[in-house]
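Novice: So the chains spell out like this:
10 protein chains.
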Amino acid sequence: MSIVPLDPIGRAEAARAVLDAKRRKKLTWTRIAQELGRSPVWTTAALLGRHPVSEEQARQVGKLLDLDELTVEALQLPPVRGAEAVDPTEPVVYRLEEIVQVYGGAISELIREEFGDGIMSAIDFEMDFERVADPAGDRVQITLNGKFLPYREF
Amino acid sequence: MSIVPLDPIGRAEAARAVLDAKRRKKLTWTRIAQELGRSPVWTTAALLGRHPVSEEQARQVGKLLDLDELTVEALQLPPVRGAEAVDPTEPVVYRLEEIVQVYGGAISELIREEFGDGIMSAIDFEMDFERVADPAGDRVQITLNGKFLPYREF
Amino acid sequence: MSIVPLDPIGRAEAARAVLDAKRRKKLTWTRIAQELGRSPVWTTAALLGRHPVSEEQARQVGKLLDLDELTVEALQLPPVRGAEAVDPTEPVVYRLEEIVQVYGGAISELIREEFGDGIMSAIDFEMDFERVADPAGDRVQITLNGKFLPYREF
Amino acid sequence: MSIVPLDPIGRAEAARAVLDAKRRKKLTWTRIAQELGRSPVWTTAALLGRHPVSEEQARQVGKLLDLDELTVEALQLPPVRGAEAVDPTEPVVYRLEEIVQVYGGAISELIREEFGDGIMSAIDFEMDFERVADPAGDRVQITLNGKFLPYREF
Amino acid sequence: MSIVPLDPIGRAEAARAVLDAKRRKKLTWTRIAQELGRSPVWTTAALLGRHPVSEEQARQVGKLLDLDELTVEALQLPPVRGAEAVDPTEPVVYRLEEIVQVYGGAISELIREEFGDGIMSAIDFEMDFERVADPAGDRVQITLNGKFLPYREF
Amino acid sequence: MSIVPLDPIGRAEAARAVLDAKRRKKLTWTRIAQELGRSPVWTTAALLGRHPVSEEQARQVGKLLDLDELTVEALQLPPVRGAEAVDPTEPVVYRLEEIVQVYGGAISELIREEFGDGIMSAIDFEMDFERVADPAGDRVQITLNGKFLPYREF
Amino acid sequence: MSIVPLDPIGRAEAARAVLDAKRRKKLTWTRIAQELGRSPVWTTAALLGRHPVSEEQARQVGKLLDLDELTVEALQLPPVRGAEAVDPTEPVVYRLEEIVQVYGGAISELIREEFGDGIMSAIDFEMDFERVADPAGDRVQITLNGKFLPYREF
Amino acid sequence: MSIVPLDPIGRAEAARAVLDAKRRKKLTWTRIAQELGRSPVWTTAALLGRHPVSEEQARQVGKLLDLDELTVEALQLPPVRGAEAVDPTEPVVYRLEEIVQVYGGAISELIREEFGDGIMSAIDFEMDFERVADPAGDRVQITLNGKFLPYREF
Amino acid sequence: MSIVPLDPIGRAEAARAVLDAKRRKKLTWTRIAQELGRSPVWTTAALLGRHPVSEEQARQVGKLLDLDELTVEALQLPPVRGAEAVDPTEPVVYRLEEIVQVYGGAISELIREEFGDGIMSAIDFEMDFERVADPAGDRVQITLNGKFLPYREF
Amino acid sequence: MSIVPLDPIGRAEAARAVLDAKRRKKLTWTRIAQELGRSPVWTTAALLGRHPVSEEQARQVGKLLDLDELTVEALQLPPVRGAEAVDPTEPVVYRLEEIVQVYGGAISELIREEFGDGIMSAIDFEMDFERVADPAGDRVQITLNGKFLPYREF
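Residue numbers (the UniProt record's numbering), protein chains in the order written: chain A, 1 to 154; chain B, 1 to 154; chain C, 1 to 154; chain D, 1 to 154; chain E, 1 to 154; chain F, 1 to 154; chain G, 1 to 154; chain H, 1 to 154; chain I, 1 to 154; chain J, 1 to 154.
Simulated from the structure, these hints should not be mistaken for lab results.
A couple of the hints might just be wrong.
Interface residues of chain E toward chain D, partial, derived using beta-carbon atoms under 10 Å [claimed, not checked]:
| no. | residue |
| --- | --- |
| 1 | Glu55 |
| 2 | Arg112 |
| 3 | Ala133 |
| 4 | Pro135 |
| 5 | Tyr151 |
When the alpha-carbon atoms are kept at most 30 Å apart in a straight line, the in silico DSSO-like pairs for lysine-lysine are as follows [unchecked claim]:
| no. | chain 1 | residue 1 | chain 2 | residue 2 |
| --- | --- | --- | --- | --- |
| 6 | I | Lys26 | G | Lys26 |
| 7 | A | Lys22 | J | Lys25 |
| 8 | E | Lys26 | E | Lys63 |
| 9 | G | Lys63 | E | Lys26 |
| 10 | C | Lys22 | E | Lys26 |
| 11 | J | Lys25 | A | Lys26 |
| 12 | B | Lys63 | I | Lys26 |
| 13 | D | Lys63 | D | Lys26 |
| 14 | H | Lys63 | F | Lys63 |
| 15 | C | Lys63 | C | Lys25 |
| 16 | D | Lys63 | F | Lys22 |
| 17 | C | Lys63 | C | Lys26 |
| 18 | H | Lys25 | H | Lys63 |
Pairwise CB distance ranges, derived in the manner of DEER restraints [as the list claims (entries may be wrong)]:
| no. | chain 1 | residue 1 | chain 2 | residue 2 | range |
| --- | --- | --- | --- | --- | --- |
| 19 | H | Lys63 | I | Asp134 | 52 to 62 Å |
| 20 | D | Lys25 | E | Asp117 | 51 to 61 Å |
| 21 | H | Asp128 | E | Ala136 | 27 to 37 Å |
| 22 | H | Gly10 | E | Glu130 | 46 to 56 Å |
| 23 | D | Glu84 | A | Gly37 | 35 to 45 Å |
| 24 | B | Asp20 | J | Ser54 | 49 to 59 Å |
| 25 | I | Glu69 | J | Asp128 | 54 to 64 Å |
Where is the CB? At the ideal position from N, CA and C, for every residue including glycine.
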């Protein structure tokens with residue numbers, strides 16, 4: 001039996017390092033997104049590990065946040081997606097789940113009526129996040145925008 | 001042992017009757033929504049059983065779709081919400097689930113950064129559905145809009 | 001409490017009626033597919049309830065199989081897709097599941113290497129089924145063919 | 001209570017080492033497969049840990065990728081197969097799951113019609129992966145090929 | 001909304017009818033198996049719905065047990081297999097599950113040692129059931145016999 | 001907060017050490033079983049951690065395989081049984097699960113018919129494993145032999 | 001499609017009929033148990049469907065409770081056991097589950113210490129139920145009594 | 001990123017240390033229970049981590065078993081109870097689960113008949129474990145004794 | 001095969017009948033509670049099927065709501081409690097679940113600190129429901145009140 | 001493969017450090033809450049990791065409990081909420097779950113009757129914990145107080 005090194009650093013550890021550095025440097029996601037020339041939603045998702053980050057992008061983030069070389073390398077690993085990437089019972093996330101429970105069937109109906117048999121793509125897809133001022137309390141506005149894909153008849 | 005009547009008609013059966021009548025009458029959700037003076041998303045969700053329908057609204061829908069009295073009554077029953085109200089693996093709905101997997105963590109981060117500790121309400125909430133023309137293929141656009149609710153410190 | 005009619009016939013009941021009629025008439029899926037001018041895989045999946053069937057297609061099938069009017073109507077209802085549409089432990093289906101367990105990771109790797117970050121579409125998708133003669137025992141050959149969809153950077 | 005060594009390296013760790021070395025050396029799965037005289041699908045699955053690798057094969061891969069002795073040894077351990085070998089919600093893999101949901105029943109029907117009572121083997125089985133050029137966007141093509149096995153009546 | 005007939009009789013209903021008739025006629029599975037010229041294990045599994053029954057076999061069983069025509073027809077429907085075909089917590093069945101928990105790993109090891117990388121087929125498979133007299137209490141003896149299938153290297 | 005030693009070695013670690021040593025020494029389970037005067041099935045299950053191993057047996061195995069003292073001690077720990085002791089989706093094990101799905105109900109019926117209300121014990125139980133030569137391909141034969149236990153009426 | 005009769009009455013329906021009749025006749029389980037010459041625990045479990053009831057026992061119970069012939073027949077069907085026979089979250093049952101959580105490990109330890117490697121049989125088993133008077137509030141006392149079965153070394 | 005100490009020792013680690021020391025010192029649970037003036041069942045459950053252990057009790061056990069100070073401290077931590085405290089498929093524990101499946105409904109009925117609407121407490125509760133000699137094989141006898149708690153009507 | 005009557009009416013059906021009658025008669029739970037001399041929370045829970053209802057109480061409710069005799073009888077059946085009695089994802093109920101997620105650990109800590117090792121009874125328990133006026137929006141106030149039960153050391 | 005540091009300390013580790021220090025210093029939650037000028041329920045939940053703790057609050061707690069700098073920093077990390085934050089089968093917590101099972105439906109009914117369609121907020125929410133003296137045994141009293149939020153019709 002031989003002793004082996006601990007696991008090398010992966011996307012999850014790189015994400016923790018980004019969160020730590022961002023807090024210490026008092027930077028915002030919006031600021032990091034500007035650096036990359038990408039939207040804040042894509043940037044945040046990518047740095048949390050859900051999208052690939054190119055070598056150039058990893059270097060830019062590394063410089064802005066003073067990340068060590070190991071983390072900059074790890075940011076370039078393939079993304080990690082799937083059900084384990086988020087806890088569905090975390091309160092912010094659960095509200096999204098509940099919205100799917102209440103409105104999921106209506107979305108299916110309206111897509112069928114407006115476009116025919118098919119889906120809204122989650123791949124050819126963009127998301128936007130905005131704060132909307134409201135005298136009765138400001139509101140969170142999230143826009144989903146995905147290409148309609150028709151089922152193929154063969 | 002005595003013989004009892006079958007279950008009376010509920011919200012699920014009323015929803016099926018609405019879907020049948022809508023198809024036979026070749027009406028759209030948009031048209032029904034106009035009749036009620038409500039948005040198509042709310043109207044579709046409500047008639048599928050996810051929101052309460054007032055007596056007046058039920059009568060309006062009943063007249064437009066020629067529904068029988070039993071169905072008009074059943075539409076006024078309390079809504080049925082929760083995880084069983086939608087199949088999470090239906091392909092349209094699953095894309096929404098996958099979007100939550102990929103972007104749920106980013107939404108939590110951005111709400112914390114922009115608003116502080118709290119959530120986007122799924123109750124004081126509106127949703128909009130739109131078709132966006134695009135030469136590379138039209139797109140589905142869904143807008144979520146909910147009040148920010150801060151956690152209370154006590 | 002009032003007595004209400006039983007559930008009207010849906011896609012599942014229409015599928016059973018098709019299976020019954022096909023057995024009585026000693027017809028094959030290939031023969032039915034020829035009638036519709038579609039492939040046997042699409043035709044079988046559609047008549048089992050997984051794809052929409054147009055009014056004209058439903059009439060053609062109804063005539064070929066001597067289906068009653070109720071079934072012909074039910075065939076035109078929206079498709080029913082999702083995890084409950086098939087038992088993952090049925091022996092034929094389980095082999096497909098096991099193949100995903102053994103080769104799913106390799107497929108992810110090969111798509112990333114050959115195409116970049118994205119997926120094989122299950123919507124813009126075709127499937128082919130063939131018998132391949134082999135002296136050591138004939139073989140089942142199934143071909144999956146789906147458009148590559150790249151993730152969008154925004 | 002005594003201190004014991006950490007776990008020795010297994011198939012999962014060997015797979016990570018292969019992925020790391022392959023990226024550093026900018027080699028492709030196809031190139032590694034040529035070295036072994038095997039197909040890219042089998043080679044990728046085997047090096048990810050799903051198939052046994054012979055001593056000779058492990059040495060060849062080790063030389064090509066400059067792997068250390070520990071990894072070359074670990075590649076020769078028995079394969080690890082089963083549901084935990086892949087995340088069913090990873091987006092590429094989920095499309096395969098969804099294809100089984102939509103077409104699994106049709107495959108069962110077509111095997112019964114063409115071959116009789118039995119299954120397509122997942123053991124006496126081969127898989128092929130190909131890129132198919134298409135002006136509307138290139139396509140992924142995956143071919144499954146398994147021996148038909150009839151149930152035995154006894 | 002129209003009234004439709006109840007579900008036609010399937011394999012599950014046919015199995016109940018066989019069990020009822022067998023009890024009324026005081027026949028054993030062994031006797032029914034002799035009639036079919038098959039083993040008691042295959043015969044019992046087949047009549048419970050797990051294997052196909054040919055038209056001739058269905059007629060033989062129907063005559064022996066005085067089954068009505070509807071049941072004889074239903075016996076010829078395709079078999080129903082999968083996890084729902086048996087309750088894994090039924091006490092007799094659970095002992096089999098527990099045996100797999102205790103000896104499953106050993107079986108994997110012994111197959112690998114004796115035959116190489118592969119499985120015991122559950123399709124090209126026979127099972128035998130026997131009572132073994134023992135002064136300390138008679139014993140149940142079950143023999144599993146399946147073809148070894150080697151994994152294919154391609 | 002104080003630093004504590006890592007977990008001491010348990011049955012799982014002892015099993016891995018046995019597997020490693022057996023491979024290095026090119027010994028078979030049959031050979032180890034002869035050393036202990038036990039059957040190969042019992043021996044394999046016991047050394048994998050499913051049965052208790054006496055001090056004398058542990059010493060014999062330790063000598064044959066050149067195990068260190070820590071492993072010899074760990075082999076004498078209580079056995080670890082239960083659902084987590086085996087992955088039910090490992091391909092060899094899954095075939096056993098599928099056999100229970102197809103034949104479990106038949107076994108229940110045949111035990112009831114032959115013995116009355118009761119079970120085959122999984123405790124007062126033996127299992128045998130054999131290779132059966134067959135020109136059409138050799139076969140795996142597994143024999144289960146357990147005492148019949150009648151339910152008690154009180 | 002043909003109309004078929006509803007399901008015949010089974011053990012569950014027979015149990016409901018017994019509960020109804022017992023309430024109407026204001027009889028106790030103890031009284032019914034005396035009639036059968038069995039203990040109240042066995043009698044209650046058997047009439048709820050967990051144990052077989054002989055023809056003579058079914059007749060005795062039928063006469064005492066004025067059950068119809070259909071119910072008397074159904075009582076003689078095979079028992080239905082397994083996890084679905086009781087709701088583990090019913091408050092009385094859950095306390096038993098909680099007791100297993102708190103004391104299950106201790107029972108395993110004490111059996112191993114006192115008897116060696118083996119189990120307490122749940123088949124060669126009796127249970128007793130008693131009310132114990134106590135000035136601080138009467139107590140429920142349940143006694144489990146099962147044969148020790150040693151694992152067999154082979 | 002800073003290096004932090006490993007987890008301090010908890011109730012699980014203290015339990016393992018007790019089991020190890022007890023084996024090395026060849027002591028029985030009964031002997032340890034005498035030392036504490038408590039029953040063997042309570043003592044075993046408490047030292048396995050299911051009940052709190054006072055400072056005095058921890059010192060007594062520590063002295064008897066020669067435990068180090070860290071373990072004596074850890075024994076005084078709050079108990080850990082709940083479903084994860086025991087594996088429900090461990091063979092000894094599963095028999096208890098199966099007994100609940102078979103007799104749980106009968107216990108509910110007998111408590112309702114004898115005491116009215118309420119439960120047997122799992123908190124104001126005692127358990128006894130005994131070996132009962134029997135010529136046909138000794139038996140395990142476990143006695144559950146809990147206060148009856150009536151539901152409150154308010 | 002014989003035709004048998006449908007299921008007799010149970011607590012679930014009685015609850016639906018109460019809800020229907022209450023709506024038709026435009027009565028409130030508070031009014032029904034006054035009739036019974038019980039609190040609104042207990043009354044609502046009891047009539048929904050979670051608590052037993054005495055013959056006298058059933059008669060009072062029957063008279064107030066004009067229920068038929070069958071429903072009045074069914075109200076006197078034993079209560080149905082357990083996890084299936086409520087959908088944990090219904091939005092009102094889910095907030096209670098989320099409160100347990102956030103504050104459950106704190107409640108455990110505070111009970112241990114204030115009372116010692118034990119629980120708050122859910123049986124010797126009362127609940128109160130109140131509307132609290134608030135200029136920023138009225139509030140729901142729910143009070144849980146249960147006897148502390150100490151674990152018994154034996 | 002490079003060696004990386006262990007995980008930095010998070011909210012879970014900070015919570016354990018607080019629990020340890022509180023025990024060593026013999027402080028109560030009430031005392032810590034006074035220090036922060038917050039209620040004991042909020043304070044306990046926050047220090048267990050369920051609510052954010054400001055830098056000033058972390059310093060106050062750190063001084064009172066003599067926490068090291070690492071722990072004081074970790075207390076300021078974002079809160080961790082969701083289903084994994086508490087074991088639903090821990091006996092104190094399970095009673096709360098059982099209360100939701102028994103009274104959840106009644107709460108839904110009473111909110112609908114008193115306030116209309118909506119929920120009690122779990123975010124704009126306070127909880128109070130109190131000991132109520134009672135000659136028959138002291139009682140735990142927990143008060144939930146949340147803003148009513150009406151569903152929005154749009």
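Novice: All hints are to be evaluated individually against the structure, with a verdict given for each.
Specialist: Hint check:
no. : hint                            : in the structure
1   : Glu55                           : violated, 14 Å
2   : Arg112                          : holds, 6 Å
3   : Ala133                          : violated, 24 Å
4   : Pro135                          : violated, 32 Å
5   : Tyr151                          : holds, 6 Å
6   : Lys26/I - Lys26/G               : violated, 37 Å
7   : Lys22/A - Lys25/J               : violated, 35 Å
8   : Lys26/E - Lys63/E               : holds, 15 Å
9   : Lys63/G - Lys26/E               : holds, 25 Å
10  : Lys22/C - Lys26/E               : violated, 37 Å
11  : Lys25/J - Lys26/A               : violated, 35 Å
12  : Lys63/B - Lys26/I               : holds, 25 Å
13  : Lys63/D - Lys26/D               : holds, 15 Å
14  : Lys63/H - Lys63/F               : violated, 36 Å
15  : Lys63/C - Lys25/C               : holds, 12 Å
16  : Lys63/D - Lys22/F               : holds, 27 Å
17  : Lys63/C - Lys26/C               : holds, 15 Å
18  : Lys25/H - Lys63/H               : holds, 12 Å
19  : Lys63/H - Asp134/I: 52 to 62 Å  : holds, 60 Å
20  : Lys25/D - Asp117/E: 51 to 61 Å  : violated, 28 Å
21  : Asp128/H - Ala136/E: 27 to 37 Å : holds, 31 Å
22  : Gly10/H - Glu130/E: 46 to 56 Å  : holds, 51 Å
23  : Glu84/D - Gly37/A: 35 to 45 Å   : holds, 40 Å
24  : Asp20/B - Ser54/J: 49 to 59 Å   : holds, 58 Å
25  : Glu69/I - Asp128/J: 54 to 64 Å  : violated, 46 Å
Violated hints for the displayed structure, listed by number in ascending order: 1, 3, 4, 6, 7, 10, 11, 14, 20 and 25.
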